[in-house]
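Asker: Line by line, the protein sequences are chains X, S and L. Just so you know, we're using the numbering used here here: the first sequence kicks off at 538 and counts up by one. Just so you know, we're using the numbering used here here: the second sequence kicks off at 538 and counts up by one. Just so you know, we're using the numbering used here here: the third sequence kicks off at 538 and counts up by one.
Think of the hints as simulated: they come from the structure by calculation, not from any bench. Wrong hints could be hidden among the right ones.
Any copy, or any two copies together, can satisfy a pair, since identical chains are not distinguished.
What the hints assert, rightly or not - Once the Cα atoms are required to be at most 27 Å apart in a straight line, the calculated BS3-like pairs of lysine-lysine come out as:
#1 K885 x K917
#2 K832 x K741
#3 K540 x K684
#4 K608 x K741
#5 K542 x K885
#6 K684 x K716
#7 K862 x K780
#8 K917 x K540
#9 K716 x K574
#10 K574 x K772
#11 K574 x K560
#12 K542 x K741
#13 K684 x K836
#14 K846 x K574
#15 K684 x K542
#16 K853 x K917
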Amino acid sequence: MDKAKIEKLVDQLGDIRTGLYQKDFLLTWRQSDADLKAVLLAAEIFEELWRAGVDARIFKGGLAISNFRDKSTRTRFSFASASSLLGLSYVDFDESKSQVAHGETVRETANMISFLTEVVGIRDDMFVGEGHEYMAEVAESVEIGYKDGLLPQRPAVVNLQCDRDHPTQSVADLLHLQKTFGGLDKLKGKKIAMTWAYSPAYAKPLSVPAAIITLMTRYGMHVSLAHPEGYDLQKECLDAAAKHAKASGGKFEVAASMEDAFKDADIVYPKSWGSMELMVQRTAALRANQADRVKDIDKQGIAKSEKFKSWECTEKTMSLTKAGKALYMHCLPADITDVNCKAGEVAKTVFERYRNPTYAEAEHKLYGMAAMILLTRFEKPAEVLRTVLRNAVPRRGF
Amino acid sequence: MDKAKIEKLVDQLGDIRTGLYQKDFLLTWRQSDADLKAVLLAAEIFEELWRAGVDARIFKGGLAISNFRDKSTRTRFSFASASSLLGLSYVDFDESKSQVAHGETVRETANMISFLTEVVGIRDDMFVGEGHEYMAEVAESVEIGYKDGLLPQRPAVVNLQCDRDHPTQSVADLLHLQKTFGGLDKLKGKKIAMTWAYSPAYAKPLSVPAAIITLMTRYGMHVSLAHPEGYDLQKECLDAAAKHAKASGGKFEVAASMEDAFKDADIVYPKSWGSMELMVQRTAALRANQADRVKDIDKQGIAKSEKFKSWECTEKTMSLTKAGKALYMHCLPADITDVNCKAGEVAKTVFERYRNPTYAEAEHKLYGMAAMILLTRFEKPAEVLRTVLRNAVPRRGF
Amino acid sequence: MDKAKIEKLVDQLGDIRTGLYQKDFLLTWRQSDADLKAVLLAAEIFEELWRAGVDARIFKGGLAISNFRDKSTRTRFSFASASSLLGLSYVDFDESKSQVAHGETVRETANMISFLTEVVGIRDDMFVGEGHEYMAEVAESVEIGYKDGLLPQRPAVVNLQCDRDHPTQSVADLLHLQKTFGGLDKLKGKKIAMTWAYSPAYAKPLSVPAAIITLMTRYGMHVSLAHPEGYDLQKECLDAAAKHAKASGGKFEVAASMEDAFKDADIVYPKSWGSMELMVQRTAALRANQADRVKDIDKQGIAKSEKFKSWECTEKTMSLTKAGKALYMHCLPADITDVNCKAGEVAKTVFERYRNPTYAEAEHKLYGMAAMILLTRFEKPAEVLRTVLRNAVPRRGF
């Protein structure tokens, strides 16, 4: 274990004043630069500690609850892993048969499951225009419950993907870029192409591209967004990206094509997402329990996307990037042409070349979650980590 | 942490001789007063310890298994929370596709899941006339398995709601009353109205009203039960309530109406339950896999209850209670008129006024469960808690 | 606690050099005698430690993941129990809607769930000719992921039943025989009848009989396999059994009838399994999503087996065994005539007489799993256990 290295990171963390204690982590653009810096540092520390084989269980009991309103494999396992790393008992709250209820009931449920709870992780990305609101309502509910003395502690609500942001993914991506390019400061001026790509699958959430353009613009990057007509992102996200680019000295643009965006890019992130217009209709149909209408909208979505099959990350498009060697990124699983579909987001040879980097990218997610839990739940996170490091209890054996 | 206060509670616990060690917790009326006193004390201690931030994990490995034969949110999370608090690994046993099998098979399953198990929590409230029997059979099975040396330890079976009692709920309710009125002795002579109330939902179990009338009569309370014709509780429960009232110097009566029961009440507990007659038919139909018959019975149940829509806890009925200020109680979730239904058990303004108290009422449940596990699994529970208190390991951080 | 006894077992374990560290446990016939000896010893040690009330949590965080591609109660709880005993967080990976995917996707999933994972337990016994291959692919995937530095540790893949072996069951069975007969060396020359038996239920996997004949032949036993025509086991298993018998000085034969196999047997293991020919067809039909064809094949399977209703372990067939007192074994649950079916694998009186021994047989499974995890995950397992024993932390209380 490189103890000196970790100590230095902990010292850096100790110097930061965040606004995260007793709060939630819902949308990166509502968090300060210091908050984000602390999350990145704490994530790095947890990753170093785990790889060094150090027991980092800072909780001795207490629950970590996930509430997945959409399917999940990797986020679910990341959250379960973060819980285990921290010493929390992971329990999944399966509300498959519940609906987004009005205030009263969300408030009650939120309190009922939270008596011993330190963190509630929520995925709610199916209902465009409502996912974030649901999380915010859960957060407000436990806030009141705690203030009223009903909850012994105030669980943090962590966004595991809503309809407009996916902060645990974008933080993992940022950690990946930081590591790949040698530091946050090295990202300044780098061009990242966040582009739509064709997929034969169902309409995927808009939260990943939104998360990328809003976060990467904070670090002086040149963010180039590209998508076919009809695949716009939400205005709130576009505005945040523009604002961040201006503040950081970076650049945010909407390019006309994948090719334009890829041109001279240092990083490319080609990924499918659905049409917001259709997704809003879909939300209404879901709410009205109109299964046929949902099916019909899905069919329209597939028909619409099929016109843009050429939006694929191929060796040819990759050759347009800086020295033809841009870093390929993806939140996984990718739709790989000739692997899990006939025509997809990315050519097999491109994906194969970047398979390991995308796996490394994914690993960061769990440490980012652990960092969010630490920072929202402990007033003096650096002190806690200092003790972990001083004790240096081996996590396997003795 | 008020260490002196907790020490005093532990001392009190140390003075009690219970019959709980190596046993189960199935029906409160089969438990001695000492058993109940010990559960209340241990629950209070666990609540104090958790709120004081003390690690109370008295197990280092071992399973806590739940078996929910009916849906559950708050009891499930209470049980998972109690497990985490105590250091047990929580595993849910999903037997959704199994049936209540004959003795042999229950015996085998009970043993097969219990090799490392300290507690099995069961909810079986759908099958009127059978729920308790199933739990008793599981208990007998692990008793024999343990005596025969097949199980390294004898797991306790804890009733998480059967067809005739709901002890973890009624113990939570009693803790709530104890706290609200300043002590068990303060409950003597207080009037509690346990009344039926209208709900548009499915036929709910009879176990909550049964649990309340059988338990509260033990503490010298004046228990007034009221329900429309056809909503009688089981004779075993009525008899136990009458017997307890006599022994404690309390009173047990069946009032003619909600209004009669509410009159001068210190506490009201208006809650919907199903018609036993229909529920017995429903059990038979379920057993015979007659889905249509079940549907038909449910329709009859709703039709039957609709005649009693006036059984609602409103500001008007509340005004009949002592000084118009009776404590409103509910096991949650309540059917609140104009909130989650058009006409329900309670008026919105009444519920709003008592929302926080009902949440506080609910919190006690998990500590009651932890208490039952402690007392059934440890021969000298006070000594164990004394060590927890002496060590005073923080449950968060170091 | 008989500390001296456990110390002696640990010393014996310390003398063995296994090839298990950083590997998997998939098929017993690919493991060396030393590997198996170590698993038996470590299992015995864990069982002694648990029964002596010693905390054996050698992990402090990290995941144990199960992936059940077929229903399971006792193996699931054994795995959850082993995880709890060792201090791992148990998470079930429910991939019910996934298919056996091509290489790329298995590789990705395997890595995505394994960042903090120490063991992945898989049951895949439905797809004859593919179950083992799937496990091997998961194992290869995490091997590459670890070597490439993507996984901080290399999780072991443990076979919780594939299409051709069921090592955690056969190891439990071997532990049972070792205990019953007083040592592995006492098994030499003992006759075990592994026979088909009639069951009215669905076609059960071939892995238990295969596991028994391949493992028991290694210990000089006389293994007599018997089944009706059309119920052959896979050639790989038959060949391994013959080879083992030759090497160990034991005997492997295929008898003509249950009666022939039972004759003078010291142990009998009568158990239903399906017709391989039909199961291969069934696999193809499952792959092609031909539900009707699957149903038809199942019907054929039942029709085929009904011709062999006389294959039942009765008092009469038991009387053919050595002194009429052979040890009856079963992996449970058994189909018991007049208990859970009209005509099944075993007569009620026979099963009743051996109920407790079969339960004891089942208990060993979880300790065998714990042993496999220890040996695959620790380079010096005996040292780790020595520390556990020296610390002797009580697993309940203090």
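Asker: All hints are to be evaluated individually against the structure, with a verdict given for each.
Answerer: Results for each hint:
1. K885 x K917: Neither, since 47 Å and 42 Å both go past 27 Å.
2. K832 x K741: So K832 and K741 pass the 27 Å test inside one copy only (15 Å; across, 35 Å).
3. K540 x K684: between (39 Å within a copy, 24 Å between copies)
4. K608 x K741: Within one copy, since 12 Å is at most 27 Å while 31 Å is not.
5. K542 x K885: neither (38 Å within a copy, 58 Å between copies)
6. K684 x K716: between (40 Å within a copy, 19 Å between copies)
7. K862 x K780: Classified as neither: same-chain Cα gap 29 Å, cross-chain 55 Å, threshold 27 Å.
8. K917 x K540: both (20 Å within a copy, 25 Å between copies)
9. K716 x K574: within (14 Å within a copy, 45 Å between copies)
10. K574 x K772: Within one copy only: 26 Å inside a chain, 61 Å across chains, cut-off 27 Å.
11. K574 x K560: within (16 Å within a copy, 39 Å between copies)
12. K542 x K741: neither (40 Å within a copy, 56 Å between copies)
13. K684 x K836: This pair counts as neither: shortest intra-copy Cα distance 48 Å, inter-copy 43 Å.
14. K846 x K574: Cα proximity of K846 and K574: none, with 39 Å in one copy and 58 Å across.
15. K684 x K542: Between copies only: 24 Å across chains, 39 Å inside a chain, cut-off 27 Å.
16. K853 x K917: Cα proximity of K853 and K917: none, with 50 Å in one copy and 52 Å across.
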